[in-house]
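**Q** Residues in the sequence shown are numbered consecutively from 2, following my numbering.
Simulated from the structure, these hints should not be mistaken for laboratory data. The structure presented is a predicted model; accordingly, all values stated were derived computationally and were not measured. Don't be surprised by glycine CBs; every beta carbon is placed ideally from N, CA and C. There could be a bad hint or two in this list.
[To be verified] Pairwise CB distance ranges (calculated):
| id | residue 1 | residue 2 | range |
| --- | --- | --- | --- |
| 1 | Asp-244 | Gln-205 | 47 to 53 angstroms |
| 2 | Gln-205 | Leu-71 | 42 to 48 angstroms |
| 3 | Glu-147 | Gln-191 | 32 to 38 angstroms |
| 4 | Thr-9 | Arg-250 | 34 to 40 angstroms |
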Amino acid sequence: MTALIESTDHGQIRELRLARAPVNALNPELCTALADAVARAVSDGVGGLVLAGGPKVFSAGLDVPYLLSLQDKVALKAAWESFFTAARSLTESPIPVVAAIAGHAPAGGCVLALCCDYRVMANSPSPDRPFQIGLNETRVGLAAPEGIQQLMRRVVGTYRAERLLVAGEMVSAERALALGLVDELAEIEQVPLRARAWLEQLLQLPRSPMLQTRAFARADLIEALKPERIHLDMFIDAWSDPDTQAGLRALVAKLGK
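Could you put the whole structure together from the sequences, leaning on the hints where they help?
**A** Okay, here's the thing in C-alpha cells:
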C-alpha cells in the first residue's frame, strides 16, 4: 500500500508530505497517519517539521463523500475525532511546524495550516486562477466550531475573522498575506525550500529558551482545540439538518463534474 505520508529528512528538519491522491482529502486513515508521523518525528529527536501537501492542492479538507457514506453517528463522530486528533498533533507538537502550502487549502486544509507555527503559500502560476485558502464551512452547510473560529481570530483579528467565517470566504494567496492568514508567499517550487529556510533560522536560536517561549506563546492554540471548545456532539447532531445535507451534497455534485 502506498504511504499516506511521505517523510524526507533534511538535516535536523523532517518534511511530512500528505500523499493521498488526488487532493489529500482527510479521511481517518490519513489523519491517523499524520498524527503518528508527528509523534514519530518528535520521538526521533527531529528539530522541526515541514507539513506539505500536493502541488495545486495542499489539502482539500475533510473527505465529504466518505463522511456522507457513514450510516450512524458513532462512525461519523469517530471520523471527525480522527481529524481533530491530527490537528491537535500539530498544535501540541513540542517542536516547530511550518505549513508549506503549494496550492489551495480550504476548510480542513486551512485548519491544519492554522495549527502550524508559520505558513508559506504559493503564488499561482496562473494569475487569473489564484490559489485560495479559508474556512468555507458555511458555504457547504457546516458551522465552524468555536475552537476553529479561534484559530482564525488568532491570526487575522476578531472582526476580520467574523467576516471571513460567516461568509465562508476563500481568499487568494495575496490577500491571505495581507490579512496575516499566511506569513510568506513564494513561487510554487520554492514553497518547501522557504519553509525549511524559516525553520533553519529558528533552529539556530538557543534551543531550550526558544522552545519554552514557543510553548507559552502557543498555549491558546492548544486551548482552542480542547473538546469543550469544539462541541463535537452538537456538531454531529446538526449533521442531519436539511440545510447541512443539502450543502454537502451540492459540494459532492460539484466535485463530481
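**Q** Look at each hint and say if it fits the structure.
**A** Evaluation of the provided hints:
1. Asp-244 / Gln-205: 47 to 53 angstroms: Since Asp-244 and Gln-205 have Cβ atoms about 51 angstroms apart, the given range 47 to 53 angstroms holds.
2. Gln-205 / Leu-71: 42 to 48 angstroms: Holds, since Gln-205 and Leu-71 (Cβ atoms, about 47 angstroms apart) stay within the stated range.
3. Glu-147 / Gln-191: 32 to 38 angstroms: holds, 36 angstroms
4. Thr-9 / Arg-250: 34 to 40 angstroms: holds, 38 angstroms
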